[in-house]
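*Asks:* One-letter residues, chain by chain:
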Amino acid sequence: MRPHLGAALTGLALGVTLTLAGFADYGEVHRMFALTDLRLIFTFAGAVAISFVGLGVLARGAAIPRRSVRRSTVIGAALFGVGWALTGACPGAALAQLGNGYVPALASLGGIFAGALIHDRLRARLGWESDACGS
Amino acid sequence: MWFLPWWAGALALGTICVGYFWLTRQTMGVSGSLYRALDWRVSRAGDRDREAFEADPAAVEAALLEATRAEFGDDAAPPPVSPPPAAAPPPPSLSLGVHVTFLGAIFAGSLATAWLRGALHVHRDLGDEFGRLVAHGGRAWLVLAAGGVLVGFGTRLAGGCTSGHGLSGCGRLQPGSLVATAIFFGCAVAISLALGALA
Amino acid sequence: MCPHTASCPLFPRFTLQSALKIWQMKYCEADYKRCARYQLSLSGQPVPNGLLPNGQLLKLRAPGG
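For the protein sequence lines, the chains are A, B and C, in the order given.
Reminder that position 84 of the first sequence reads as 84 in the working numbering, one-by-one numbering, no gaps.
Reminder that position 177 of the second sequence reads as 177 in the working numbering, one-by-one numbering, no gaps.
Reminder that position 27 of the third sequence reads as 27 in the working numbering, one-by-one numbering, no gaps.
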């Protein structure tokens, strides 16, 4: 019960925050990446700092998978960055775009699902080392 | 359109990331949740398999010792003199239902916010800036789909997105996440500067 | 060292029990590419919790048995 409640509350809060902060607005996201408006950059940096403090306290000793740097990390991140700049949609923002009534977000979300499927199919065939867990 | 000042957004996002961990014992990651939902059949089977495995740690312990003896012989697995300490299981994975709830809540939260602001309209395009910088009309949909494929493929390959690597991973100072975040931000900046220059 | 140790459900059980450490020594810390779990994970398919590195499935007795 508790995980469901936690997921629901944080999910709602995330949807609210992404919308109010402007992550669902392509213009705002573009201004962040084009470095013409640093508001969202400070937002993100501040969020990381708070997460660092909070997780440092709560997650001390917790067995969280250690993420090292691999080729898949680098290539995947690069592809993601390009896609994000084009669509304004990181996965969370895509959902927020949809919630804000942007119908074209369906194309972005569809692409995200397709991209994941393509990755899995190719990986099954070629067997490369990926950061995606099986389970 | 009014948007949150940076410190308010930072406070909110940081609290959400920490709150998610506090309440679920797992690190937050939207792409991870999204792919669990996409792979729902596999997720459901995994949930059931995990339940059976975590239901009785003592039985798992006994079965492991038995298998160890069978594989390596008695010398490798001496019978414990005193009752062995219970093995600490890895943090319980969240079920498919929890992930779907999370995703649905993000959508619901943004929907409710847009509506309460009086800003909920059906937008047939992604806004003026998108139209000016990237594409408009029918081509916009193609570009968005292609961009989405890059996001989907990339986040799957890298094992995380803005929340997974950016917030949770960097918050934990995970080397992989720090590098991933720097790279996806860097690439996004490069592309956006190019789009601005070409517009 | 196997790159999957942090997310593997068997690894913590190997490390916490001295009697089981031999699995860790022979697979996780050594020739992890021989591990059946690692090989299955490369195919992208989910790895059953009870799959041992030698390819055998753990036989869990029925609860109460």
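Keep in mind the hints are simulated off the structure, nothing from the lab.
Hints should not be assumed to be uniformly reliable.
Said to hold, decoys possible - Beyond 12 Å from chain A on every Cβ pair, some chain B residues (computed): (1) Ala55; (2) Pro57; (3) Phe72.
Claimed, not checked - If you want the footprint, here are the derived chain B segments under chain C, 3+ residues with CB under 8 Å: (4) 43-51; (5) 62-71.
We treat Cβ as the ideally placed atom computed from N, Cα and C, and that holds for glycine.
*Asks:* Does each hint fit the structure? Answer for all of them.
*Replies:* Checked hints:
1. A cut-off of 12 Å between C-beta atoms confirms that alanine 55(B) is not in contact with chain A; the least separation is 17 Å.
2. Even its closest Cβ contact with chain A, about 15 Å, leaves proline 57(B) beyond 12 Å, as expected for a residue assigned away from the interface.
3. Against the 12 Å criterion, phenylalanine 72(B) stays outside the reach of chain A, whose nearest CB is about 26 Å from its own CB.
4. Counting residues of the stretch 43-51 of chain B whose beta-carbon sits less than 8 Å from any beta-carbon of chain C gives 4, enough to reach three: the coverage restraint holds.
5. Counting residues of the stretch 62-71 of chain B whose CB lies closer than 8 Å to any CB of chain C gives 8, which reaches the minimum of 3, so the coverage claim holds.
The earlier numbered hints are all upheld by this structure, with none contradicted.
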